[in-house]
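Peer 1: Construct all of the structure, not just a fragment, from the sequences and the given hints.
Heads up: the protein sequence lines correspond to chains A, B and C, in order.
All residue numbers for the first sequence refer to numbering that gives the first Met the number 0, where the first residue is 0 and numbers rise by one.
All residue numbers for the second sequence refer to numbering that gives the first Met the number 0, where the first residue is 0 and numbers rise by one.
All residue numbers for the third sequence refer to numbering that gives the first Met the number 0, where the first residue is 0 and numbers rise by one.
If you are wondering where the hints come from, they were derived from the structure by calculation, not from laboratory data.
Remember, predicted model here, so these are calculated numbers, not experimental data.
For every residue, glycine included, the Cβ atom is placed at its ideal position computed from N, Cα and C.
There may be inaccurate statements among the hints.
[Unchecked claim] Listed next, the stretches of chain C that the computed footprint assigns to chain B, with coverage defined by at least 3 CB atoms under 8 Å from CB atoms of chain B:
(1) 37-49
(2) 57-69
(3) 297-305
(4) 314-324
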Amino acid sequence: MEKFFRRNFAGYAFLAPWLIGFFLLALGPIVASLYLSFTKYNIVRPPQWIGLDNYFYMFQFDDRFKKALQVTFTFVVISVPAKLIFALAVAMALDKGVRAIGWYRALFYLPSILGGSIAVAILWRQLFDYNGVINAVVRWFGIDGPYWLSDPRYSLWTLIVLAAWQFGSPMLIFLAGLRAIPNDLYEAAEIDAAGPVRKFFAITVPLLAPVIFFNLVLQMIEAFKSFSGAFVISGGAGAPLDSLLFFTVYLYNEAFQFLRMGYASALAWVLLLIIALFTAIAFWTSKYWVHYENERG
Amino acid sequence: MTDATLSNTSALASQYRTLKLRRARRAGLLKHIFLIITSLIMIYPLLWMLSSSLKPENQIFGDLSLWPATFEWENYWQGWNALPVSFTTFFWNSTVVTVLSVIGNVISCSFAAYAFARLEFSGKTIWFALMMMTLMIPYHVVLIPQYLLFLQLGWVDTYLPLIVPRFLAGDAFFIFLMIQFFRQLPRELDEAAMIDGCSPFKIYWAIIMPLSLPAMATAAIFSFIWTWEDFLGPLVYLNDMKDYTVPLALRMFVSQDSVSQYGPMFAMSILSILPIILFFVVFQRLIIRGIAMSGLK
Amino acid sequence: MSILNRRRFMTGAAGTAGSLAVLAAFGGRAFAQDIAIRHFWWGNPERDKRTFAVIDLYNQKNPGTVVSGESLGFADYFTKLTTQIAGGNMPDVIQQGYGVLFEYIANGAVVPLDDYVGKSLDISKMDESAIQAGTVDGKFYALSIGANSHMAMYNTRLYEEAGIKVGENFDPYGYTYDDLKRIAVEIKNATGVPGTDDNTADYQNFSDFTVQKGANLYNEDGSFGPTQEIVEEYWSIWAGIRDAGGTPPGPESAGLAGVSELSQLGVVTGKSATSYLWSNQLVGAQGLMQDPLGAAMYPNTPEMIPGSVIQPSQFVCLSRDSSNPEAATAYMSAFVNDPEMTAVLGLERGIPSNSDVRAALQSSLTPPEAVSVAFFDAIQGKTAPLTAPPPSGSAEVEQTFERVAVSVLLGERSIPEVASDFLAQAKAILARA
Numbered sequence: 000m001e002k003f004f005r006r007n008f009a010g011y012a013f014l015a016p017w018l019i020g021f022f023l024l025a026l027g028p029i030v031a032s033l034y035l036s037f038t039k040y041n042i043v044r045p046p047q048w049i050g051l052d053n054y055f056y057m058f059q060f061d062d063r064f065k066k067a068l069q070v071t072f073t074f075v076v077i078s079v080p081a082k083l084i085f086a087l088a089v090a091m092a093l094d095k096g097v098r099a100i101g102w103y104r105a106l107f108y109l110p111s112i113l114g115g116s117i118a119v120a121i122l123w124r125q126l127f128d129y130n131g132v133i134n135a136v137v138r139w140f141g142i143d144g145p146y147w148l149s150d151p152r153y154s155l156w157t158l159i160v161l162a163a164w165q166f167g168s169p170m171l172i173f174l175a176g177l178r179a180i181p182n183d184l185y186e187a188a189e190i191d192a193a194g195p196v197r198k199f200f201a202i203t204v205p206l207l208a209p210v211i212f213f214n215l216v217l218q219m220i221e222a223f224k225s226f227s228g229a230f231v232i233s234g235g236a237g238a239p240l241d242s243l244l245f246f247t248v249y250l251y252n253e254a255f256q257f258l259r260m261g262y263a264s265a266l267a268w269v270l271l272l273i274i275a276l277f278t279a280i281a282f283w284t285s286k287y288w289v290h291y292e293n294e295r296g
Numbered sequence: 000m001t002d003a004t005l006s007n008t009s010a011l012a013s014q015y016r017t018l019k020l021r022r023a024r025r026a027g028l029l030k031h032i033f034l035i036i037t038s039l040i041m042i043y044p045l046l047w048m049l050s051s052s053l054k055p056e057n058q059i060f061g062d063l064s065l066w067p068a069t070f071e072w073e074n075y076w077q078g079w080n081a082l083p084v085s086f087t088t089f090f091w092n093s094t095v096v097t098v099l100s101v102i103g104n105v106i107s108c109s110f111a112a113y114a115f116a117r118l119e120f121s122g123k124t125i126w127f128a129l130m131m132m133t134l135m136i137p138y139h140v141v142l143i144p145q146y147l148l149f150l151q152l153g154w155v156d157t158y159l160p161l162i163v164p165r166f167l168a169g170d171a172f173f174i175f176l177m178i179q180f181f182r183q184l185p186r187e188l189d190e191a192a193m194i195d196g197c198s199p200f201k202i203y204w205a206i207i208m209p210l211s212l213p214a215m216a217t218a219a220i221f222s223f224i225w226t227w228e229d230f231l232g233p234l235v236y237l238n239d240m241k242d243y244t245v246p247l248a249l250r251m252f253v254s255q256d257s258v259s260q261y262g263p264m265f266a267m268s269i270l271s272i273l274p275i276i277l278f279f280v281v282f283q284r285l286i287i288r289g290i291a292m293s294g295l296k
Numbered sequence: 000m001s002i003l004n005r006r007r008f009m010t011g012a013a014g015t016a017g018s019l020a021v022l023a024a025f026g027g028r029a030f031a032q033d034i035a036i037r038h039f040w041w042g043n044p045e046r047d048k049r050t051f052a053v054i055d056l057y058n059q060k061n062p063g064t065v066v067s068g069e070s071l072g073f074a075d076y077f078t079k080l081t082t083q084i085a086g087g088n089m090p091d092v093i094q095q096g097y098g099v100l101f102e103y104i105a106n107g108a109v110v111p112l113d114d115y116v117g118k119s120l121d122i123s124k125m126d127e128s129a130i131q132a133g134t135v136d137g138k139f140y141a142l143s144i145g146a147n148s149h150m151a152m153y154n155t156r157l158y159e160e161a162g163i164k165v166g167e168n169f170d171p172y173g174y175t176y177d178d179l180k181r182i183a184v185e186i187k188n189a190t191g192v193p194g195t196d197d198n199t200a201d202y203q204n205f206s207d208f209t210v211q212k213g214a215n216l217y218n219e220d221g222s223f224g225p226t227q228e229i230v231e232e233y234w235s236i237w238a239g240i241r242d243a244g245g246t247p248p249g250p251e252s253a254g255l256a257g258v259s260e261l262s263q264l265g266v267v268t269g270k271s272a273t274s275y276l277w278s279n280q281l282v283g284a285q286g287l288m289q290d291p292l293g294a295a296m297y298p299n300t301p302e303m304i305p306g307s308v309i310q311p312s313q314f315v316c317l318s319r320d321s322s323n324p325e326a327a328t329a330y331m332s333a334f335v336n337d338p339e340m341t342a343v344l345g346l347e348r349g350i351p352s353n354s355d356v357r358a359a360l361q362s363s364l365t366p367p368e369a370v371s372v373a374f375f376d377a378i379q380g381k382t383a384p385l386t387a388p389p390p391s392g393s394a395e396v397e398q399t400f401e402r403v404a405v406s407v408l409l410g411e412r413s414i415p416e417v418a419s420d421f422l423a424q425a426k427a428i429l430a431r432a
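Peer 2: Structure below.
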């Protein structure tokens, strides 16, 4: 018993703040939302237990739920890799030997600061307008640009560009990760006359793997939950023709616009399970490509 | 060694050096072109906001040029005092909440991360999975249960709901981020210190933390930005305008059914991102190559 | 599990946290002996200044009561109110709009005022129509603080350049969709700017049109009023104007479906010469542009059956959670009657419903305010009676209309096909609600 205590004491002592916070502040609301997902709850009246009805309705009748899933999946699959590749490229360009590097970094972080504000919504409308800046550039190449924001075939792309454009946080994490790679490894590689491509795949990628993995998992979770950009740009309801109906935008409308908190909670739990599934897959594959340099055996 | 071979090698060496230099220069030029073009795209929204903040109201949306015809510096003064409470108060409130949150996040999350990354204790996997789960649940469905919880605690209309969770490692993003960085540090250090009789706390404080400066700086930057910009938390928990934070105040400028003040809103938006940029530029200096690390390898 | 009500369930979840409640002492606020009344509204800098000034006035005049104001932007107001309903700590006096008021009444979040009328609450000077508008099932719930109607706002410079003159070839209070088509095309030809926004996806215009065709938006039994013919005709009329070049191209308008941001209106951005809004938004829209705006009613059919209604834009209501309804209603009463207080508020929330207050304000109007007042005088007698309050689910029907109309604008599907699709969805929504 004493041995058990001693073995676990340090771990639980360091974990204590999180445990307290989890049990006192986080767990209750999460369990409450699970309970609410089995109820009909319009916020004003007490919730009514209706069993699995919300889930039945969702999978049997709700076409917008399916549409929301489709939009969200497309967004995740395209925007996450695009954002990560861009973030890594910029991080590597900024890693060394650039003057005024601090300001460069701040500059590249700027778009992320603007987030999903009203200003971004207005700006995006101006940029992607039929007579806007983007089409002016496209016209320069002799192409007649589309109606980006109102054509359901293209509108999601404006959000994907927005997501990739706000690449600041993975970039910063990549930078911190690159800084943790010992310089002498590169020097040693140079003596072996390794080119930049080889250096990238032989040194950077394996040593950066834990950070790449982190960014991949987190950006994926964030993309699944992505809300504010789609919300402000689509006018709050996923227009045009639900092509910007992100899962959380749908969920918000159900909860706060139509006061179906019970149904919204059920939607949230389905999303949670989907995210959990993908995260679990990511963790499982990480065994094969993420090696923690110092945790041999 | 004969003179011939000597001159031969030195010629080879100088050839190699010029080749390397030329290659570096070409790479440098490409890098700079890439950086400059990217920065132009990055800075455009800021220029646009700056120009909007200097235009008279009736020209912001009709006139698309970036250079204002007249400079309305008035917008800044007006914006600062537009609401019944001046922006001095909002900036002060935001500063208090943000600084406390940054401190709380860095301390409490690094505790939890140290436990997960370096200590052995039973139940670790389950706690880790639960921690990841808190990242996955869409915020909008826990909003109301959380509000009821804080109401029960009597915390509504105070800053406590915004700050206390930060001291209880409420944001799993940072825990996971730090775990990934801690796992990159050489285990030999802990093991050596353990043999020397160091307590886990001593190891955390004297070895892990100093070596993780880049990760801590990254976490501090993110937590500053995200808290500074957070608006849903303040929206729900703060009732008195004297307690409002900057983002909440900014959302009061635009009205559906009466005069809006876009000029002053853009002016205040510009001012509101200055502290972020400042904090960013100062703290990003800490994202440096870990000195100890390359030495130890 | 079903007998567990929300409150008890949440208390259980929160109970474990009791030990931490001691921390709350740090953040607690001292409560004075005075009666505290909280007033919550959505606003903007101007409205906030005026309302806080009014609150100060009231507090000076009424020692013993301390009113405190809370304000948020419109977009955030209802999110917060929803949270507070769940928490059972709504402010005493809350602001409501016409569209959502009935949901709140039906849900019991807003309580009747009948017990206070003639005592703490004086409504003797209120317009009868305003009182009617705040009455549901014979109970009086909501105090109107400004009247509103549908308004077509047009760019007078572009109209003049195209030779469109009020009184000669344009009657702002009695023109048909055919007239609009002619005017819009003339403006397009003369100035290059399309004469009007495309209202294919505008639900407010559609609801007007339904009434103009002699139908109700919602029938007595709560079912949806518009028929397949009405929906098809509405979209065909706008398609006619669009095809003649009187509106911006369809895809352009599709991007604005459901967007309520004032700065994105065609008349503000210069992409068209006419936009359609609520009359109390005229002052705001004018503030964003240089050319002066004129006001007109929505277009009509040749039969000229009135379609627009005059309805309160905003109400003040007493919330379920008020602990001192007498003091709260006394404050509400002063808010609409007190000459000093109403003078400070002005027309900022719309045309006041109290006749004395209206008369007193006449002398101090700004130009756009004067346009609003003239518009209101002109539409008297040309509007439809207020109909029964919309059933719950109506907000979702509105959103659905805005969504499906986009396929008409993009020309993806035929009008009859989209119309029957819309009606089927509306029916399903109302059945579910």
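Peer 1: Run every hint past the structure and note whether it holds.
Peer 2: A quick look at each hint next to the structure:
1. 37-49: With 9 residues closer than 8 Å to chain B, the segment 37-49 of chain C meets the three-residue bar; holds.
2. 57-69: The restraint on the segment 57-69 of chain C holds, since 3 of its residues have a Cβ under 8 Å from chain B and three suffice.
3. 297-305: violated (count 0)
4. 314-324: violated (count 0)
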